[in-house]
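Those protein sequence lines, which keep their order, are chains A and B.
Each residue of the first sequence is one higher than the last, beginning at 401 in the numbering used here.
Each residue of the second sequence is one higher than the last, beginning at -2 in the numbering used here.
One or more hints might be untrue.
[Said to hold, decoys possible] Below, in silico cross-link-like pairs of lysine to aspartate or glutamate (EDC-like), each with a Cα-Cα straight-line distance of 20 Å or less:
(1) A:K520 - B:E48
(2) A:K623 - A:D443
(3) B:K105 - B:E48
(4) B:K8 - A:D443
(5) A:K649 - B:D80
Calculated directly from the structure, the hints in this document are not laboratory data.
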Amino acid sequence: MRDVAILGIGVTKFGELWDKSLRDLFVEASLAAMDDAKVTKLDMIYAGCMTGGLFNGQEHIGSLMADYLGTGPIPALRVESACASGGSALASAVIAVASGYYDVVLAGGVEKMTDVSGGKATEALGAAADADYELFLGATFPSLYAMMAVAHMHAYGTTRKALTEVSVKNHFHGSKNPKAQYPFEITPEAVLASPMVSEPLHLLDCSPITDGAAAVIVVPLEKVKKDKRAVRITGFGRSTDTIALHQRKDMASIGAVARAAEAAYKMAGKTPKDIHLAEVHDCFTIAEIMSYEALGFCPKGKGGEFVLSGATRLGGRIPVNTSGGLKAKGHPVGATGIAQVCEITSQLRGEAGQRQVKGARTGLTSNMGGSGASAVVHILEVNK
Amino acid sequence: MTTPARYWREKPQRYRLEANKCKKCGKVFFPPRLVCDDCGGRGFTAVRLPEEGTIATWTVVHTGHPAFTDEQPYGLAIVEFKDGARVLMQIADYHGEGLKIGQKVQVKFRKIQAAGESGVLCYGYKAALCSE
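So here's chain A without its partners, still in its complex pose:
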């Protein structure tokens, strides 16, 4: 197997982008990534997209994007693993290049979510849960994460204050990211005053409905050895779990993320202590707290205290979600896993501007799908 690197990145503005279509978004991010990498030809495209069918009445995403990207009749596949579709597209691209089969592969992700009403969006996203034994009975994604929060608070004494701090911190980071959907700070009072969605989660505990796309160019490391802007992918791991939350042995942890991380750390020869910064899947505030624990950043049950300690803020021991995270940057579900990798790549290149983490040499991304039924972790390092 060959070592692989990311040579180029591209991210669109995230938000309610009425004037941009599903294909426009993907092509815009892809062209930016190709220009950044200075490549004009691709061997293959992996396009992460959760549910173009339910949001846009559009399937067959791979061919659509290859067509509109104008790169000729190259192979192109859509990769779907709910909200982990983007990260899964990248893992597929890494395997394709590492195997020696392809030399220049684009891994992208896209979701165009604002063409449907809020209710339809809730239904579309809900399709990532168990349709027969969760959704049918009235469960929604906020309600599943709310039940995880209740279980976590009961088992470990995690506080409402800790949930609030995740949201406040990520908005603070997002205020420094001009591409974020909500590039402004919020107060703890605003979180508690926002409407209740599913107890104990308020509206400002939840990531928003977002349009956006992101793309990266994956190449063999041997071709970019002298390129300081190339970023190495030294480890990745993937895992799954039961589709329904209620079938999990432990509903106060995300086992798929822990298993994916274990595989990624092993492949990269790293431990959680070696990670300088991370982008984690804060689809709901409790998810970020459980992610700290699953990734080994803090002991199990201590995620709440960890965020309150300031360790994961810019300037802290391990800044998490410097992009603003899903909460402030926005969560176009299929794009999220790739956008996380773009943020870490910018940071490792030293090009993250106001939100730059000084001396960042090793970063991690954690992207998960559903209520934790799939997970993908990547470890990225500067090119020595």
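Chain A is fixed; fit chain B onto it per the hints.
The following block gives chain B in isolation, referenced to the frame of chain A:
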């Protein structure tokens, strides 16, 4: 989206809590499975879930699925049964009571929703809080 055929197919679980139990290791599955995820066993005996259980975790949904808008806020719980199976269900006749982990519930047969554009009336299980 629930169609009449899909609803018909799921009746044994929705109406009668029909589960199955692995002949090799005894793990109980609801809904029934074809292969045991613990021991790989493929032989099962049919069982019914008990009608009493306890709340393993819960929430109250204020902004929910469009099919349940009229019922908001509604209680939702993951109920654990003595045989180890866990099932997600709504709280029956919920009127804003406080919910607690460990609270006892009794499974009741109730209307769940009028599904899809055809408005098929779907019945199934909900959890009634036991008064103690």
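Results for each hint:
1. A:K520 - B:E48: Status violated; Cα separation ~34 Å.
2. A:K623 - A:D443: holds, 15 Å
3. B:K105 - B:E48: holds, 8 Å
4. B:K8 - A:D443: violated, 49 Å
5. A:K649 - B:D80: holds, 14 Å
Hint compliance for this structure: hints 1, 4 are not met, and every other hint is.
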